[in-house]
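Just so you know, the protein sequences line up as chains A and B, in that order. Each residue of the first sequence is one higher than the last, beginning at 1 in the numbering used here. Each residue of the second sequence is one higher than the last, beginning at 182 in the numbering used here.
FYI, nobody ran anything at the bench for these hints, they're computed from the structure. Everything numeric in this text was worked out from a predicted model, so none of it was measured. Even glycine gets a Cβ: it sits at the ideal position worked out from N, Cα and C. There may be inaccurate statements among the hints.
Beta-carbon label-pair distances, calculated as ranges [to be verified]: (1) B/R368 - A/L20: 30 to 38 Å; (2) B/V344 - A/G140: 17 to 25 Å; (3) A/T5 - B/L299: 35 to 43 Å; (4) A/G103 - B/A285: 32 to 40 Å.
To spell it out: a stretch of chain B is covered by chain A in this simulated footprint if at least three of its residues, at any positions, have a beta carbon under 8 Å from a beta carbon of chain A; those stretches are [claimed, not checked]: (5) 199–206; (6) 245–256.
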Amino acid sequence: MPDDTRTLLTLALVFVPLSLLSIGGGASLLADMEYQSVTVHGWTTPREFADLFAISRAAPGPGTMLSTLIGWKAAGWAGAVTATVALYLPSSLLVYGAARLWGRWRGSVWHSAIERGLAPIAAGLILSGGIAVLRVSPGGPAIWIAAAAATVLLLCWPRLHPLALFAAGGALFGLAGAIEL
Amino acid sequence: MTEQGIDVRSHHRPRLPAIFAAFFWLGVTSFGGNTAAWLYHQIVRRRHWVTDAEFLSGVALGRITPGSGGVNLTVLIGQRLGDSRGALAAVVALLSGPLAIVLALAIGYARVGWSPALHAVLDGIAAAAIGLTFATGLTLLRWRRVEIGPFVITLATVLCVGVLRWPMIPVILCLAPISIGLALLARRSADA
Chain A
1 MPDDTRTLLT LALVFVPLSL LSIGGGASLL ADMEYQSVTV HGWTTPREFA
51 DLFAISRAAP GPGTMLSTLI GWKAAGWAGA VTATVALYLP SSLLVYGAAR
101 LWGRWRGSVW HSAIERGLAP IAAGLILSGG IAVLRVSPGG PAIWIAAAAA
151 TVLLLCWPRL HPLALFAAGG ALFGLAGAIE L
Chain B
182 MTEQGIDVRS HHRPRLPAIF AAFFWLGVTS FGGNTAAWLY HQIVRRRHWV
232 TDAEFLSGVA LGRITPGSGG VNLTVLIGQR LGDSRGALAA VVALLSGPLA
282 IVLALAIGYA RVGWSPALHA VLDGIAAAAI GLTFATGLTL LRWRRVEIGP
332 FVITLATVLC VGVLRWPMIP VILCLAPISI GLALLARRSA DA
């Protein structure tokens with residue numbers, strides 16, 4: 001087996017189990033990813049891993065794109081795609097199966113009761129997600145104030161486009177950063 | 182975001198290219214890990230493709246199954262919109278943009294390094310994105326302010342998971358039966 005193929009296979013073997021073990025979000029994944037890519041396989045140095053983590057946080061997208069970057073470091077473009085698919089495909093198949101099963105009971109009393117019962121919990125989870133992100137933000141009080149201001153703006157002016165707010169937030173902080181420097 | 186909840190969805194089912202385009206845009210513009218809030222704004226509020234209830238049950242199911250909550254929610258909504266092909270189109274669209282962007286950033290970083298100004302700009306975007314998350318959660322809360330039971334359940338969830346940082350799965354397993362029981366009772370009293 002050529003070395004490239006072996007690396008791709010190893011990437012898949014590392015990320016497929018992580019995909020199925022990562023219950024409750026990506027935070028628990030981070031430690032495992034670091035252990036695998038730095039200590040076990042030597043795909044990145046500790047310093048490179050920290051850099052890749054910072055880059056993955058800067059990019060848009062759901063959850064962690066860190067796996068993509070580790071795959072890229074290990075085996076180029078093919079590695080990036082392999083690691084991404086390996087991390088997201090198994091969990092997606094699982095939730096797809098759950099959705100099919102769940103859809104079978106649509107219309108029953110239990111289905112609507114469970115759906116209605118989960119709704120307030122889901123709203124609470126969305127709010128908790130905001131708190132969790134706020135907690136790990138490196139920006140300090142400025143972020144808290146800006147986030148609160150953005151919340152109020154969006155609630156008072158529902159027509160305000162969130163992207164306009166993202167742009168304003170980025171410009172404001174960029175400007176403040178420039179003055180500070 | 183209006184005061185009223187989205188209870189009916191539009192009757193026509195979106196075609197695959199429309200699903201792909203909507204989720205691609207969602208992927209490249211969802212900063213700061215707020216895919217659910219942004220998806221709510223784009224897919225539920227603007228396009229009316231699914232109802233509030235379908236969205237919220239997707240959020241809950243997506244969080245209790247393994248994997249990223251945002252990706253799982255995308256699979257669930259995609260499945261509702263166009264079954265297996267809808268789910269595939271939505272997920273590939275959601276991930277392909279960020280994949281390209283994150284690699285471009287990594288290559289750029291390797292060439293020119295990291296500027297503090299970029300960090301500041303990203304902090305600002307992240308702050309606005311957190312605001313969107315809170316506004317979405319509060320909008321969904323206000324929508325059912327007439328019912329005290331669900332309101333208390335939401336508060337309990339925020340307290341346990343958000344503030345006290347208890348593990349999410351056990352908290353959901355404790356609160357879900359209570360909340361589902363309340364929903365059954367509410368239904369029974371509505372029928373009577």
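Review point. Which of the listed hints are broken here?
Key: 5
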